[in-house]
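Engineer: One-letter residues, chain by chain:
Protein chains: 2
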Amino acid sequence: MTNERIHNFNAGPAALPPEVLRQAAFELENYNGTGMSIMEHSHRGESYEHVHHEAIATTKRLLGISDAYEVLLLQGGASLQFAMVPYNLLPPDQKANYILTGAWSEKAKKEADHLGKTYSGASGEDNNYKRIPDFEAIETTVDDAYIHVTSNNTIYGTAWQDFTRMAEWKAPVIADMSSDIFSRSLPVENFDLIYAGAQKNIGPSGVTLVIISKTLLEKTKAIAQDVPTILRYSTHAEKASLYNTPPTFAVYMLKNTLQWIEANGGLQAMETRNREKAALLYNAIDESDGFYRGHAHPSSRSNMNVTFKLPTEELTRLFLEEAKERQFSGLNGHRSVGGCRASIYNAVSLESCEALRNFMVSFQQKHR
Amino acid sequence: MTNERIHNFNAGPAALPPEVLRQAAFELENYNGTGMSIMEHSHRGESYEHVHHEAIATTKRLLGISDAYEVLLLQGGASLQFAMVPYNLLPPDQKANYILTGAWSEKAKKEADHLGKTYSGASGEDNNYKRIPDFEAIETTVDDAYIHVTSNNTIYGTAWQDFTRMAEWKAPVIADMSSDIFSRSLPVENFDLIYAGAQKNIGPSGVTLVIISKTLLEKTKAIAQDVPTILRYSTHAEKASLYNTPPTFAVYMLKNTLQWIEANGGLQAMETRNREKAALLYNAIDESDGFYRGHAHPSSRSNMNVTFKLPTEELTRLFLEEAKERQFSGLNGHRSVGGCRASIYNAVSLESCEALRNFMVSFQQKHR
Ligand SMILES: Cc1ncc(COP(=O)(O)O)c(C=O)c1O
Ligand SMILES: Cc1ncc(COP(=O)(O)O)c(C=O)c1O
Ligand SMILES: [Mg+2]
Ligand SMILES: [Mg+2]
Ligand SMILES: [Mg+2]
Ligand SMILES: [Mg+2]
Chain A
78 MTNERIHNFN
88 AGPAALPPEV
98 LRQAAFELEN
108 YNGTGMSIME
118 HSHRGESYEH
128 VHHEAIATTK
138 RLLGISDAYE
148 VLLLQGGASL
158 QFAMVPYNLL
168 PPDQKANYIL
178 TGAWSEKAKK
188 EADHLGKTYS
198 GASGEDNNYK
208 RIPDFEAIET
218 TVDDAYIHVT
228 SNNTIYGTAW
238 QDFTRMAEWK
248 APVIADMSSD
258 IFSRSLPVEN
268 FDLIYAGAQK
278 NIGPSGVTLV
288 IISKTLLEKT
298 KAIAQDVPTI
308 LRYSTHAEKA
318 SLYNTPPTFA
328 VYMLKNTLQW
338 IEANGGLQAM
348 ETRNREKAAL
358 LYNAIDESDG
368 FYRGHAHPSS
378 RSNMNVTFKL
388 PTEELTRLFL
398 EEAKERQFSG
408 LNGHRSVGGC
418 RASIYNAVSL
428 ESCEALRNFM
438 VSFQQKHR
Chain B
78 MTNERIHNFN
88 AGPAALPPEV
98 LRQAAFELEN
108 YNGTGMSIME
118 HSHRGESYEH
128 VHHEAIATTK
138 RLLGISDAYE
148 VLLLQGGASL
158 QFAMVPYNLL
168 PPDQKANYIL
178 TGAWSEKAKK
188 EADHLGKTYS
198 GASGEDNNYK
208 RIPDFEAIET
218 TVDDAYIHVT
228 SNNTIYGTAW
238 QDFTRMAEWK
248 APVIADMSSD
258 IFSRSLPVEN
268 FDLIYAGAQK
278 NIGPSGVTLV
288 IISKTLLEKT
298 KAIAQDVPTI
308 LRYSTHAEKA
318 SLYNTPPTFA
328 VYMLKNTLQW
338 IEANGGLQAM
348 ETRNREKAAL
358 LYNAIDESDG
368 FYRGHAHPSS
378 RSNMNVTFKL
388 PTEELTRLFL
398 EEAKERQFSG
408 LNGHRSVGGC
418 RASIYNAVSL
428 ESCEALRNFM
438 VSFQQKHR
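In order, the protein sequence lines correspond to chains A and B.
Start counting the first sequence at 78; every next residue gets the next number (our numbering).
Start counting the second sequence at 78; every next residue gets the next number (our numbering).
Please keep in mind that the hints were generated in silico from the structure rather than gathered at the bench.
Be a bit skeptical, because a hint or two may be false.
Given that identical chains are not distinguished, each listed pair holds provided it fits within a single copy or across any two copies.
What the hints assert, rightly or not - With a straight-line cut-off of 25 Å between C-alpha atoms, the simulated SDA-like cross-links for lysine to any residue are:
no., residue 1, residue 2
1, K187, I300
2, K184, A248
3, K386, S376
4, K386, E183
5, K172, D190
6, K137, T312
7, K184, I300
8, K386, T135
9, K207, G141
10, K298, H127
11, K291, P249
12, K401, R121
13, K187, L319
14, K184, R121
15, K172, I142
16, K137, A346
17, K296, E202
18, K172, P249
19, K316, I232
20, K184, G122
21, K172, D303
Predicted model, so just to flag it, every value in this text is computed and none were measured.
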C-alpha cells in the first residue's frame, strides 16, 4: 500500500499525466457544474459534443493536420484497425505491402491475410527485429494497395528514426503509431492513414485515433461497399465519429491528455524531453560494459520502449524483483520475448527515468 | 451551474449510481493503494486482472449463468455486435430471422444483410412499433440460422413482457438487451446469445457485454473461419476477453455498477423498483385524460423508456423547456421520432421519477 504515486513503466495501458488524473477525479461526479458526471452525459448533448470536438480539434492543432485529413475516434483498439485497414483499402486485384519490424506488424499482416493478398517488402525477422530495415532495402511498387509500417515496435523496442523518406513511396502509406504518436514531431503529410490505440501516450485504453486523408477516404468507398456499415471509415467520417455511442469517458481523458501536451510545449517539447529520458537509460546500458544488453541496434532505438537483458536469466529475474520492491512498476519484458522493458511514454517523468538509471547503476555495482 | 446532482433521464449514456461515481472519484489517482490509477495498470497485471475477472464473475452470479455459457467483455458497442452476430453465425446456405420491433432491430437486420440472407418473421412496423408482436403471430423455422430479437426498444419505449416462450423456438435465439439487461429477472437459458452495450444499466459507454452459450460458440468456429481474428467470438472466449487491450476503466465501472446492483438486492429488487418507477409515469399518462399520449400500447410498455407526446408540438416543446429549467435532463425523444422520453434505468432514483410525475401533473393543470 502506498500513498505516493510510483514509477510506472507499464507498456500500455500506461502512466497518465498526474494533472489529468487529478482533474478527472475532481470533476468525476459533477462535470463543469452540470450536476452529472461526463460519463452520464448523452453523446448527443452539448457537454459531451464539446469534449468530442475539442479532442478532434486538439489532435489537428498539435499535429498541424490540414483540411486534407479527417480525424476519427473509434473503438476496438489498434487490433480492430488491423482488420479495418484491409476491409477498406485492399481490393481483390492488388496486394498490400507490410514492412515487418516486429510482432505487431506481423499481427497486422496476418489479419489482412484473411481478407486479401499481402506480401512483405522488407522484414527484420532475420535479425530478430533488432533493426528497422534500411530504406534502400525496402521493396515497394506503385501497384501496392498500400504500404503498412509500425512506427514504434513496443515489444522489441525499435523505432523508425525518420519519416521523411516515406514521401518517396508511390502507394498510400499507412502507419500503426500506437506506441509513439504525440511523442515526437510528425510529418503527417507523408502518411495517408495513421492509427493508434490511445493507451500509451494519449489516454486510457478504449479509444482509437485514426487520421485518414480525404483522398484515401474517397477510395475506401468503392472498396468497402459490401462491408458492414460499422467497419467502414466513411461511416464514421460522415458522422464525425458519432455514428454510434462513442467511448465518452475515454475521449474526455484523451482530450485532456492532448491539452496537457499542448500546455507543456507540444510535440517539440515532448520530443526533447523523451530523448533526454531515453538517453539516461541507453547511457546506463552503453556504459555498463555489457552488463546490460540492449535488444535494439543503436541505429534503431526507440525512445518509448527501452528493452534490455542482463548477463543471465537469474540476474534478470533478480533485477526485476528488486526493482519491484523499489516501486518501479512494469519493467518486465513482453511475455513473448522476456527480459526487461522500460516504457517511458510522455507521462513518465524525467525523475522516474533518473531513479531507474540510478537503480540500474547500483544494481550493476552490486552484482557484476 | 449546480452543485447538486440533477434528475438524469438520458437514454444512454445515462445515470450511474452515485455511490459508484463517488468510489471512482475517490480512488481515481491511487487505486487500492497501488500508487496508480486503475487506468494506468497493465491489463496483464494482477490489479486489473482481478477487476476483469470480478466483472465476469459478478455478471454470472447476478444472472445465474451456468457453465454452459461464456461471458465476454468487448469493444465497439452494440452496433459492432450487429455485424459480429452474422459474421459468426450466418452461413451462406441459411437465413437469419430478425423480429422487427423498432429502429434498433431494423439496424441489426440491415447490417446482417451485408453479410448474408435475412428475413423477418414478424414486424411491428405497420403499427409504428407501438406493440411487440404476439407470440402466435411470429413466424420461425427450424432452418433459421438464428432468431434475433431486441428485448427493449429504447426509441419507441416498448419491451417484450415475457421471455419464457422463446424456449419454444427451435433455432438459436439471439437478443440485443442493450437497454434492459440487469433491469429485471432474465431466464438466460432461453437465449443462446445476449449482447448489450453497457451505457444504459451497467456502466459507461465503451464496453459491450456478450453472453454466449458454449454450444453456439462451437458452431461459430466453422462459420467464422475466414473472418478476421478480432471479429470472432472464439478469439475472445479463448483469451478470456484479454486478446487485445480491453477498455479497462469502462470494465472497472461495469464491475462496480454490477456490485452495486448486487448490494441493492439483485435483479429481483431492481425489477420491483423499476416497475414502481415506471408505474408513477405511466399512471401520470393514463390519468391525464389524454393530455399525455403514450406511444407504446399498454400491453407492450417498457419499464426503461417511457415515451409520450403532448396534445400539440407547441406544448411538447414548452414541456421540454420547462422541464429543463427544473433540472430534468434528457427528456427529449429520440431525434428520429420526436416527443418526450424518460429513460429510467436502474440508477435513476424513485425520487427523480416522483419529481417528474409531479411536474407532469402540475404542467397539465396549468396548460390543459
Ligand atoms: C504497436 C502496437 N500496435 C497494436 C497494438 C494492439 O493494440 P490494442 O491492444 O489496442 O488492440 C499494440 C499494443 O500494445 C501496439 O503496441
Ligand atoms: C437497443 C439498442 N441497441 C443498440 C444500440 C446501439 O448501441 P451502440 O451505440 O453502443 O452501438 C442502442 C443504443 O442506444 C440501443 O438502445
Ligand atoms: Mg513489436
Ligand atoms: Mg505518399
Ligand atoms: Mg427502438
Ligand atoms: Mg432454444
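Engineer: Against the structure, test the hints numbered earlier, and report the numbers of the ones violated in rising order.
Structural biologist: Numbers 8, 9, 10, 15 and 17, in rising order.
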